[in-house]
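A.B. asks: Each chain is listed here by its residues.
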Amino acid sequence: MDGGSTSETRVPPSVAVDEAVSTKVQIAAQPLYASRIKVHPKSVSGFYRTIKWAVLGFCLSVYYLAPWLRWDRGPNAPDQAILIDMPGRKAYFFMIEIWPQEVYFLTGLLVIAAIVLFLVTSLFGRLWCGYACPQTVWTDLFMLVERWIEGDRNARIKLDAAPNSVSKIAKRTAKHASWLAIAAATGGAWVLYFGDAPTLIGEIFTGRASVTEYFFIGLFTATTYTLAGLAREQVCTYMCPWPRFQSAMLDDQSYVVTYEAWRGEPRGKLAKKAEGADPWAGRGDCVDCNSCVATCPTGIDIRDGQQLECIGCGLCVDACDAVMAKVNRPLGLIRFDTLANQQARACGAPATHKFVRPRTILYASVLAVVGSVMLAALLLRTTVEMNVLRDRNPLFSTLVDGRIRNAYTIHVLNKTHAEQVYTLRAAGVPGAVLTAIGDDTPGDTLRIVAKPDSVANSRIFVTAPLAGLRGDASTKIEFRLDGASGGGRAEYRSVFLAPGR
Amino acid sequence: MPTKIEKDAVTGTETTGHEWDGIKELNTPLPKWWLYSYYATILWSIAYFVLYPAWPSLSGHTPGVLGWTMRGEIAAEMEAAKAAQGPMLRRIAASSLDDIRKSTDLQAYAMAGGRSAFGVQCAPCHGAGGAGAKGFPNLVDDSWIWGGTLDDIYTTIQFGIRNANDKSRLSQMPRFGVDGMLTAAQIDDVAEYVLSLSRRSRDAGAAKRGEAVYAENCVACHQEGGKGNPEMGAPNLAANIWTFGGDKATIVESVRNARAGSMPAWIDRLDDATIKMLAVYVHALGGGK
Chain A
1 MDGGSTSETR VPPSVAVDEA VSTKVQIAAQ PLYASRIKVH PKSVSGFYRT IKWAVLGFCL
61 SVYYLAPWLR WDRGPNAPDQ AILIDMPGRK AYFFMIEIWP QEVYFLTGLL VIAAIVLFLV
121 TSLFGRLWCG YACPQTVWTD LFMLVERWIE GDRNARIKLD AAPNSVSKIA KRTAKHASWL
181 AIAAATGGAW VLYFGDAPTL IGEIFTGRAS VTEYFFIGLF TATTYTLAGL AREQVCTYMC
241 PWPRFQSAML DDQSYVVTYE AWRGEPRGKL AKKAEGADPW AGRGDCVDCN SCVATCPTGI
301 DIRDGQQLEC IGCGLCVDAC DAVMAKVNRP LGLIRFDTLA NQQARACGAP ATHKFVRPRT
361 ILYASVLAVV GSVMLAALLL RTTVEMNVLR DRNPLFSTLV DGRIRNAYTI HVLNKTHAEQ
421 VYTLRAAGVP GAVLTAIGDD TPGDTLRIVA KPDSVANSRI FVTAPLAGLR GDASTKIEFR
481 LDGASGGGRA EYRSVFLAPG R
Chain B
1 MPTKIEKDAV TGTETTGHEW DGIKELNTPL PKWWLYSYYA TILWSIAYFV LYPAWPSLSG
61 HTPGVLGWTM RGEIAAEMEA AKAAQGPMLR RIAASSLDDI RKSTDLQAYA MAGGRSAFGV
121 QCAPCHGAGG AGAKGFPNLV DDSWIWGGTL DDIYTTIQFG IRNANDKSRL SQMPRFGVDG
181 MLTAAQIDDV AEYVLSLSRR SRDAGAAKRG EAVYAENCVA CHQEGGKGNP EMGAPNLAAN
241 IWTFGGDKAT IVESVRNARA GSMPAWIDRL DDATIKMLAV YVHALGGGK
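Chains A and B, in that order, give the protein sequences.
Take the first sequence: its position 226, counted from the start at 1, is 226 in this note's numbering, and no numbers get skipped.
Take the second sequence: its position 2, counted from the start at 1, is 2 in this note's numbering, and no numbers get skipped.
What the hints contain is simulated information worked out from the structure, not anything from laboratory work.
Keep in mind that the hints are not guaranteed to be accurate.
[Unchecked claim] Just some of the chain A residues that point at chain B, by a computed CB distance under 8 angstroms:
id : residue
1  : 32
2  : 33
3  : 34
4  : 397
5  : 398
6  : 458
7  : 461
Yeah, the Cβ is synthetic: ideal placement off N, Cα and C, and Gly gets one too.
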């Protein structure tokens with residue numbers, strides 16, 4: 001190659017030319033696999049950083065302390081306020097108690113959480129990603145530890161480049177050991193939600209906890225260490241589905257982190273000008289100090305515009321404001337704003353905030369509907385439930401005296417914390433009498449005893465003379481269950497089958 | 001293979017050379033961690049090949065150094081389940097039937113164990129719900145050929161009916177027609193009489209004549225009014241509950257050629273605890289006395 005001209009022009013037209021490039025050259029030009037470019041976020045202080053610390057403290061406190069809250073439920077139920085009792089198949093949340101049959105409460109809760117996320121995102125942008133997501137909270141905590149041990153951005157970059165030495169290895173060991181300790185505490189706190197926390201913590205430390213518990217502690221230790229310590233922003237950019245579709249919730253009225261390019265550009269280093277000359281003439285406010293890039297936990301440049309990688313934490317806002325204050329320019333060159341406002345500001349028009357939009361109205365109304373349904377379901381939750389399964393094999397049996405008998409299996413769910421005695425009646429079949437295994441005396445009622453917080457199963461027989469059924473193959477029968485005081489009541493409609501005429 | 005690496009003007013990234021309707025694919029390199037995860041899965045599969053059965057051969061497969069098999073695991077689980085059932089089964093074997101009925105937990109255990117044994121051993125003839133079939137009695141109603149108390153049911157299951165066991169329940173109805181003890185006309189009359197016991201006769205004269213035949217030949221076992229005798233396994237003929245069928249032709253055939261249902265002696269095949277659980281279960285199907 002000789003400077004300037006391309007090879008094509010030099011080749012005689014008679015010679016066929018293959019322009020293949022060797023694989024080595026291709027790889028040199030473009031690697032097949034890219035290493036992660038390590039992000040070294042610089043520490044920053046300011047309004048959003050303060051909020052982020054507060055949210056971090058709150059979230060971690062809730063996570064680590066919630067299993068220790070007590071809530072008195074009487075002698076027959078656990079006194080842990082938040083508890084998922086796997087062996088007992090129950091979940092407790094303060095005054096609320098959920099049985100497996102009522103898992104729709106959990107569904108409702110998740111639906112509500114999703115819609116709240118949609119609503120908040122459409123109003124204020126990625127608050128979840130930037131402040132409350134566990135990935136953000138734990139990564140922030142791990143970065144804090146890293147900063148304590150290895151120093152701030154420049155010290156860490158220097159340490160990374162430095163050859164191995166006793167002090168480097170000591171710092172690295174201390175950092176990873178601290179991370180593992182935090183990760184182990186995270187996993188340890190997780191299992192406390194699944195058992196009595198004070199008992200369990202003793203068992204965990206004395207090696208008496210179950211294999212399942214140690215497995216989950218290990219699993220969450222490993223994932224916390226890997227995701228918050230090693231993977232960090234890659235979780236948000238590669239693994240998490242939410243950044244991929246959250247843009248569907250955003251429009252030009254949603255708050256996002258913006259760069260005011262209209263007053264920032266053209267950017268440039270602040271040069272010394274002659275005395276009296278306006279140093280800002282003919283240039284933008286951005287002094288190209290790269291503080292925003294240095295503080296960004298995902299390592300992007302917000303001045304490039306809206307990006308998938310931006311988690312909306314606002315740390316670049318704090319960094320930029322500090323610089324703007326120093327150089328005496330208006331704050332908010334990088335700011336939380338709507339894209340519509342940015343356009344307005346660029347033309348000198350006043351900024352307006354439009355919170356009420358079709359999108360937010362829709363999200364809010366869906367939220368109101370789902371919330372009311374769930375609240376109603378919760379308030380109408382009964383203390384007793386009855387399920388009746390009628391025998392299908394055989395459908396009925398004829399007795400020696402000519403009467404017809406149907407058998408039913410009755411499940412009574414006693415959701416109170418005390419033993420309950422219920423009275424079962426059957427209406428709708430003339431002359432019907434009830435018997436049960438262990439209660440052979442025919443009568444109008446049956447006594448069913450259910451232990452606290454448990455299901456009583458009984459097989460019962462309904463016997464009726466054929467004459468009263470008027471030849472109907474199927475007669476409606478209604479079972480009614482009445483509890484003693486506080487036991488509640490339940491009904492169940494079924495059928496009584498007999499040979500047809 | 002692109003002959004020349006092209007760079008995208010907007011992003012500065014190289015393209016792969018693939019183009020669809022003017023849309024070009026950027027050649028964004030895969031992250032390294034992805035590559036290493038891929039290597040990790042390969043290592044995992046190699047470890048799996050070594051540890052577990054993996055490669056098929058002409059006659060079988062590589063066993064794997066752990067010697068694990070799915071069948072072995074199930075066998076171990078069954079072993080463990082059996083061991084866990086041990087204490088309750090020993091208690092049931094040591095208790096009388098009455099004690100089992102009176103104890104809530106033994107009764108519940110016997111019901112569950114009985115249901116499972118019934119499904120395996122009894123359902124082929126008596127039906128999954130105990131409703132029976134032609135020639136195999138219904139166990140749900142309260143009409144019992146050999147008695148419906150807990151003890152009767154227990155004895156029937158233990159020793160069976162008309163089999164080779166020494167204590168088997170035995171009785172044999174005579175073949176009134178085949179052996180020439182009754183004429184065809186007499187059999188027809190007695191069948192009419194049997195129908196009249198469940199108020200289904202349409203020929204009062206024949207029934208009247210049949211009553212005399214019945215009094216002479218049948219009453220010893222089937223008793224006055226056809227109420228049957230569980231001591232001899234003589235079924236109730238008045239309840240309109242039939243093992244072999246209650247229409248006239250079937251009754252005529254029953255008298256002519258006799259019936260002799262048979263049941264195995266389960267004491268030769270099952271342990272005592274299982275038989276007790278079966279007795280409790282069958283008794284609780286609804287007809288137990």
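A.B. asks: All the hints need checking, so say for each whether the structure fits it.
C.D. replies: To see whether the hints hold, each was checked on the structure:
1. The beta carbon of residue 32/A is positioned within 8 angstroms of a beta carbon in chain B (closest approach about 6 angstroms), and the interface hint is therefore held.
2. Hint status for residue 33/A: holds, given a least beta-carbon distance of 5 angstroms to chain B, under 8 angstroms.
3. Checking residue 34/A against chain B: minimum C-beta separation of about 4 angstroms stays under 8 angstroms; hint holds.
4. Hint on residue 397/A holds. Least Cβ distance to chain B is approximately 4 angstroms, under the 8 angstroms limit.
5. Taking 8 angstroms as the C-beta cut-off, the interface hint given for residue 398/A holds, the closest approach to chain B being about 6 angstroms.
6. At a threshold of 8 angstroms, the smallest CB-CB gap from residue 458/A to chain B is about 10 angstroms, leaving the interface hint violated.
7. At about 6 angstroms, the closest approach between the beta carbon of residue 461/A and any beta carbon in chain B falls short of 8 angstroms, and the interface hint on this residue holds.
In this structure, only the earlier hint numbered 6 is contradicted, and the remaining ones agree with it.
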